[in-house]
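Hey, can you work out the whole structure from these sequences and the hints?
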Amino acid sequence: MYPELHQSNCFFAGMQGKTDMSAKGGKAQVQSDAGAYVAWSGVDQPELAAEGLGCGLLVLRPLSFALPHYADSHKFGYVLGGSGVAGVLPVATGDASPAARERVVRLEAGDVIAVRTGDVSWWYNDSDGDADDLSILFMGDTERAVNPGDISYFFLAGGNSVLGGFDAGLLARAWPGVTKEQATAVFRSQPAVLLTGLSTKLPGVCPREHDRKGLVVNAGQVAAGTLETLAAADLAALGDLGISTVIGRLDPGTARTPWVLREGAAQLVYVAQGSARVQVSSSAGGETLLLDEEVAAGSVFVVPRFAVTLISAGADGAEWVSLIKSVRPAVEHLTGDGSMLGGLTAQVVQASLSVAPELVELLGARSAEPSH
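Per our numbering, the very first residue in the sequence shown carries number 1; after that it's consecutive.
Any given hint could turn out to be false.
To be verified - Capping the alpha-carbon separation at 25 Å, the derived lysine to any residue pairs in SDA-like fashion look like this:
1. Lys213 - Gly81
2. Lys201 - Trp122
3. Lys213 - Asp126
4. Lys213 - Pro90
5. Lys201 - Met340
Said to hold, decoys possible - Distance windows between CB atoms, simulated:
6. Gly204 - Val327: 46 to 52 Å
7. Trp175 - Gly81: 29 to 35 Å
8. Phe166 - Gly118: 49 to 55 Å
9. Leu163 - Gly204: 22 to 28 Å
10. Asp292 - Thr184: 52 to 58 Å
11. Ala223 - Ala330: 18 to 24 Å
12. Gly118 - Pro176: 22 to 28 Å
Hint data in this document are derived by calculation from the structure and do not stem from the laboratory. Don't be surprised by glycine CBs; every beta carbon is placed ideally from N, CA and C.
Next comes the structure, spelled out in C-alpha cells:
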C-alpha cells in the first residue's frame, strides 16, 4: 500500500517557464526504530509553495507513538495501511462545549481524518509483534503556514518541545505547587523527537466509536476506473477546512479521460499504489506540457489551477490520493458521456474541431434538437 522510504519521489506540475519539473524525493525529517516521518518541502519543490500545499508521510512501527503536537496548516490524514489510534484535542480547549474535549479514535486502512490548524494530535500504533506498520499520508493547505509549501509542527513533548527552552525556575513560578526540579523533570525527561518506541501498550487509551462522527470517515473500496470524492457532505470537518479528498484507481493498462477543475482549485496528488504515466497540460494550451512522467508509487505531483490532467496506469495498475482546495470540488472530464465536450451541441463540436461527424459522436456530443 505504501513504498519503501528510499523509493519516495516527487513530481510537481505547478509552475510554467523554466521551473525544474524533474523527479524529487521527500526528505526524512525523523527516522528511528520507532518509524519515520518524510516531508516534501516548498524549498525544494516551489510548486508546493506557489499553490499553498504540503505533504508528509508518517510511518509508525508496532508499539510506537508520535508525540502530541499541533501544526500551522489545515490537513487531512489518509491511512494507507495498518491500524492504530489517534487523539485530537480541538483548538477551543477553554470552551465548555463538548467539541472541546479530546476525541480518541480507532484508525483503519482507508480512513480519512481531518485536523485543523492548531488542533493537538497524537498518533499511536497499538499493534505488537509482527503486525503491519501504521502508515498515514498527510496532505494540507499551507497557504497561511509559517512557510508556505511546508507543514510545520510544534511539539508539547520531546527533544524539540516548545516548552523545552524555558527556565525551569520560571516555569515552577508560573505553575503553583510545582518545584523547579519537578518542572525540569516534566519537560526534559523525554529525549525523543516526534517518535518514540514503547515497551508495552499504553493503558487507558480507549478509542470511542462515537468520537469518529464528523471527524473520521472511511473511503471504502474504490472501484477501478472511478473517483471517490470525500467532501463536507461526507465529513463535516473537511468543510470547515475548505478542502476535499479524492481517491482514484485504475486497472493495469487503462487510462482516465482528461479532467479539469473549472472552478480553479489546485490539486496535490500522491500515487499510493502501482505506477502511472502522468501528463499535465499547461494552462497556455497547445502542445506544451508541464509534466510528462512515469510516476511510481510514493510520488507526489501538483496540478495547478485550471490545468488538465491525464493518467494512464502501468502494468500493476494505479491508485492515488488527492487534496483539492475546494469544499465542493467538481471534477469534470473533457471527453465521453457527461463530459464538457459531450455536453455541447454536436454540430458546434464538429465545427470547432474540424472533424467528421462520426468522431464527434465518439466524444459523446449531443445532436441539436429540432426547432419547433
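Decide if the proposed pair is consistent with the structure: Lys213 and Gly81, CA atoms, cutoff 25 Å inclusive. Within the cut-off at roughly 21 Å; holds.
CA of Lys201 to CA of Met340, is that 25 Å or under? 54 Å, violated
Range agreement (Cβ of Ala330 with Cβ of Ala223, hint 18 to 24 Å): Between Ala223 and Ala330, where Cβ atoms are some 20 Å apart, the hint holds.
Using the beta carbons of Trp175 and Gly81, state whether their distance is inside 29 to 35 Å or not. 41 Å, violated
Hinted pair Lys213 and Asp126, Cα distance within 25 Å: 22 Å, holds
Kindly confirm whether 22 to 28 Å is satisfied by the beta carbon distance between Gly118 and Pro176. Once the Cβ atoms are compared, 26 Å apart, the range 22 to 28 Å for Pro176 and Gly118 holds.
For the pair Asp292 and Thr184, does the Cβ-Cβ distance stay inside 52 to 58 Å? 57 Å, holds
Is 46 to 52 Å respected by the C-beta to C-beta distance linking Gly204 and Val327? 37 Å, violated
Gly118 and Phe166 - C-beta distance against the hinted 49 to 55 Å: Between Phe166 and Gly118, where Cβ atoms are some 20 Å apart, the hint is violated.
Are the Cα atoms of Lys213 and Pro90 separated by 25 Å or less? 14 Å, holds
So the hint says 22 to 28 Å: do the beta-carbon atoms of Leu163 and Gly204 match that? Distance hint for Leu163, Gly204 holds at roughly 23 Å.
Would you check the hint for Lys201 and Trp122, treating anything up to 25 Å between C-alpha atoms as holding? This hinted pair holds, its Cα atoms lying about 15 Å apart.
Consistency note: the structure conflicts with the earlier hints numbered 5, 6, 7 and 8.
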